[in-house]
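*Asks:* Letter by letter, the chains look like this.
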Amino acid sequence: MAHFTKATSIKDWLNQRLAIEKVEKVLASEYWIPKNINFLWAMGMILVVTFALLLVSGIFLLMYYQPNVDLAFDSVNYTIMREVGYGWLWRHVHGVAASVVFLIIYIHMFTGIYYGSYKKGREMIWISGMLLFIAFSAEAFSGYMLPWGQMSYWAGMVITNLFAGGSLHADGLVEWIRGDYVPAQAFLSRFFMLHVLLIPLAIIGLIGLHFGALRIPHVNNQDGEEIDFDEESKKYLAGDKAGSKVIRFANDFMAKDMMVVGFYLVFFFYLVFYHYGFAMDPVNFDPADGLKTPAHIYPEWYFLWSYEILRPFSTDIGLMAFAFAQVIFMLLPFLDRSPNAVPASRRGLFKYWFWAMLVDMIALTAMGKLPPEGAFSTIGLVAALVFIGLWIALPVITYFEKKA
Amino acid sequence: MKDNSRRGFMGKAFGGVAAVGAVASLFAMKKSWDPLPSVKAAGFTTLDMSGYKENELVTEKWRGKPIFVLKYTSEMIAAMDESQKPRIITVGEASYLVTIGLCTHLGCIPSYDRKKESFLCACHGGTYDLVANVTKAPPPRALDIPPFTIKGNTLVLGEVGPEYLEMKKNGLTL
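Residue numbers (my numbering), protein chains in the order written: chain L, 143 to 546; chain Z, 447 to 620.
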């Protein structure tokens, strides 16, 4: 048994039992971050803060929400919005955060792609990040079902129908997922369970994995420089703070990180108080009706690009294109054949690939929102083909890339 | 070594028992997600066919899904070609379209245009003619016909009758 002595302070008492000083060093004061970074390196912390906002607002919504097909709509639109003191605040925080979290995730992703932060030992950071993207997508979808409005119902119908696999006609699988022939009570109850328990548990576990994956390779920097973190941290601890290429995670890095978070929160609460409407689809303020399809069924903005890849093709090809779009980002570290881990601007053709991909995804998003008619259909089809083409071209152009 | 092999055996024995338990619990979990018997039992709808008016689409409900019922006029029947006629359902003297009113693409409800005598799905722009055959993609096939049987002047949905079996055999519905 370990030897314990009479504690000299509360801190010492805890230190003997939990080694809190050591833990603090490992997690914060001696966890090293490169100096050569910019505000885009704050997106991770912004996501942590947004997840916390979702969790807290979700807890308050959970106290009044009723997962019942007859009560759900009114429990949200009447009880929470009109009766519960500040209920509107939790709903608007939850709705806005659910939308904005995807904006930040996309910025976080494209930052990683631009700076090559998925290479040279950072593959697991990328993969765990993409698993988080999938988990957040499932969380967003299941949450979207809960108000049981027209868009909830019909999005639920359309998305669960995807599991029939087109010509495979796996209707049994679709009915199994729903627990009924159509989205009904069984469907609402199980998506409620997924939204408030199972998927959040998975997200929390994946966040742990994502952070763990960072520890050995450390955070990337603006030049993709390979930093000897042992050497640089020794320099820092010996007092040469100016000469060292690294700083402490806390409080040094966190000080600036939280400043960016501060700017973000001003923007976030501006949206919550004055512009929450973009996160609240007007069609979803009609109660679910299984006998009336809304004129246009479209997903929230963050799913539009993959929806648009599904839409211009016949069912089977569309499903294959959609499945391709869902998994292909996961494979990025292996499809990029170049060993160069430097910013895209120094990577020859990859520079154009990066911007083409970004512009193409914005075009897909814009077309996904518009009705599938005339020129929009054509632009959507071209953008979908460009998306697939870019991924096929990626291994080729990166294979022939010169060593930077 | 003796110790090791004994531990090895215990490990394998535990692994075996745990694997059986895991498979059994997966089975139970799968069954727990199945539609309930009460949901399945509520799967029959009887339609009285005498009340429908010509060229007026009526939406009935079967298993929570919309069912389109359209009584044809004699002009409509006369204008049909051989690919369309087999999809007609005849009850007594009159002829009907009876289909599940969900687009076979992704399950939206198409709307009926009385003048054009055709269906349009607003979700992804698919169209169907008046026997619900596809006239414009993306829908992969005609609107499905629900299992039915004819009893006098009524139609029972959910029960498989000889007319339905004939249609299914000829590939007119899934």
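Simulated from the structure, these hints should not be mistaken for lab results.
Predicted, not measured: the structure shown is a model, and the values here were computed from it.
Backbone N, C-alpha and C fix where the C-beta goes; we use that ideal spot for every residue, glycine too.
Warning: the hint list may mix true and false statements.
Said to hold, decoys possible - Below, a list of computed lysine-lysine pairs in the PhoX-like style, where the Cα atoms sit at most 25 Å apart:
| # | chain 1 | residue 1 | chain 2 | residue 2 |
| --- | --- | --- | --- | --- |
| 1 | Z | K486 | L | K434 |
| 2 | L | K387 | L | K398 |
| 3 | L | K434 | Z | K561 |
| 4 | L | K434 | Z | K517 |
| 5 | L | K434 | Z | K597 |
| 6 | Z | K476 | Z | K531 |
| 7 | L | K376 | L | K262 |
| 8 | L | K153 | L | K167 |
| 9 | Z | K476 | L | K434 |
| 10 | L | K387 | L | K376 |
| 11 | Z | K562 | L | K434 |
| 12 | L | K434 | L | K177 |
| 13 | L | K511 | Z | K486 |
| 14 | Z | K507 | Z | K597 |
| 15 | Z | K531 | L | K434 |
| 16 | Z | K597 | Z | K517 |
| 17 | L | K544 | L | K262 |
| 18 | L | K377 | L | K387 |
| 19 | L | K164 | L | K377 |
| 20 | Z | K486 | Z | K499 |
Stated by the list, open to error - Listed next, with one range per pair, are the computed distances between beta-carbon atoms:
| # | chain 1 | residue 1 | chain 2 | residue 2 | range |
| --- | --- | --- | --- | --- | --- |
| 21 | L | I249 | Z | P532 | 27 to 33 Å |
| 22 | L | R159 | Z | G461 | 46 to 52 Å |
| 23 | Z | K582 | L | K545 | 48 to 54 Å |
| 24 | L | L231 | Z | K507 | 38 to 44 Å |
| 25 | Z | K476 | L | K493 | 28 to 34 Å |
Stated by the list, open to error - Negatives, chain Z to chain L, calculated, CB over 12 Å:
| # | residue |
| --- | --- |
| 26 | F455 |
| 27 | K458 |
| 28 | G462 |
| 29 | V469 |
| 30 | L482 |
| 31 | T505 |
| 32 | R509 |
| 33 | G510 |
| 34 | I513 |
| 35 | S541 |
| 36 | E563 |
| 37 | S564 |
| 38 | N579 |
| 39 | L611 |
| 40 | M613 |
*Asks:* Now, for every hint given, state plainly whether the structure supports it.
*Replies:* Now for the hints, and whether the structure bears them out:
1. K486(Z) - K434(L): holds, 23 Å
2. K387(L) - K398(L): OK: K387(L) and K398(L) at ~16 Å, within 25 Å.
3. K434(L) - K561(Z): Holds. K434(L) to K561(Z) sits at ~21 Å (cutoff 25 Å).
4. K434(L) - K517(Z): holds, 21 Å
5. K434(L) - K597(Z): violated, 29 Å
6. K476(Z) - K531(Z): violated, 43 Å
7. K376(L) - K262(L): holds, 23 Å
8. K153(L) - K167(L): Given pair K153(L), K167(L) holds - Cα atoms ~15 Å apart, limit 25 Å.
9. K476(Z) - K434(L): violated, 31 Å
10. K387(L) - K376(L): holds, 11 Å
11. K562(Z) - K434(L): Roughly 21 Å between the alpha carbons, so the hint for K562(Z) and K434(L) holds.
12. K434(L) - K177(L): Given that 25 Å is the threshold and the Cα spacing comes to 57 Å, the pair is violated.
13. K511(L) - K486(Z): violated, 37 Å
14. K507(Z) - K597(Z): holds, 19 Å
15. K531(Z) - K434(L): violated, 28 Å
16. K597(Z) - K517(Z): Between K597(Z) and K517(Z) the Cα gap is close to 17 Å, so the pair holds against 25 Å.
17. K544(L) - K262(L): holds, 17 Å
18. K377(L) - K387(L): holds, 9 Å
19. K164(L) - K377(L): holds, 20 Å
20. K486(Z) - K499(Z): Cα-Cα ~31 Å, so violated.
21. I249(L) - P532(Z): 27 to 33 Å: Check failed, 56 Å falls outside 27 to 33 Å.
22. R159(L) - G461(Z): 46 to 52 Å: Violated: the Cβ-Cβ distance is about 36 Å, outside 46 to 52 Å.
23. K582(Z) - K545(L): 48 to 54 Å: Once the Cβ atoms are compared, 52 Å apart, the range 48 to 54 Å for K545(L) and K582(Z) holds.
24. L231(L) - K507(Z): 38 to 44 Å: holds, 39 Å
25. K476(Z) - K493(L): 28 to 34 Å: violated, 49 Å
26. F455: holds, 33 Å
27. K458: holds, 29 Å
28. G462: holds, 28 Å
29. V469: The assertion about V469(Z) holds, with a minimum of 18 Å to chain L.
30. L482: violated, 7 Å
31. T505: violated, 6 Å
32. R509: Contrary to the label, R509(Z) does not stay out of reach of chain L, its closest Cβ about 4 Å off (not over 12 Å).
33. G510: Given that some Cβ of chain L is not farther than 12 Å from that of G510(Z), nearest at about 4 Å, it is violated.
34. I513: I513(Z) not clear of chain L: closest Cβ-Cβ about 10 Å, inside 12 Å.
35. S541: The claim holds: S541(Z) sits with its nearest Cβ about 24 Å from chain L, beyond 12 Å.
36. E563: holds, 20 Å
37. S564: Consistent with the label, S564(Z) stays out of reach of chain L, its closest Cβ about 17 Å off (over 12 Å).
38. N579: Holds: least Cβ distance 16 Å, greater than 12 Å.
39. L611: Its Cβ never comes within 12 Å of chain L, the nearest being 18 Å, so this holds.
40. M613: holds, 17 Å
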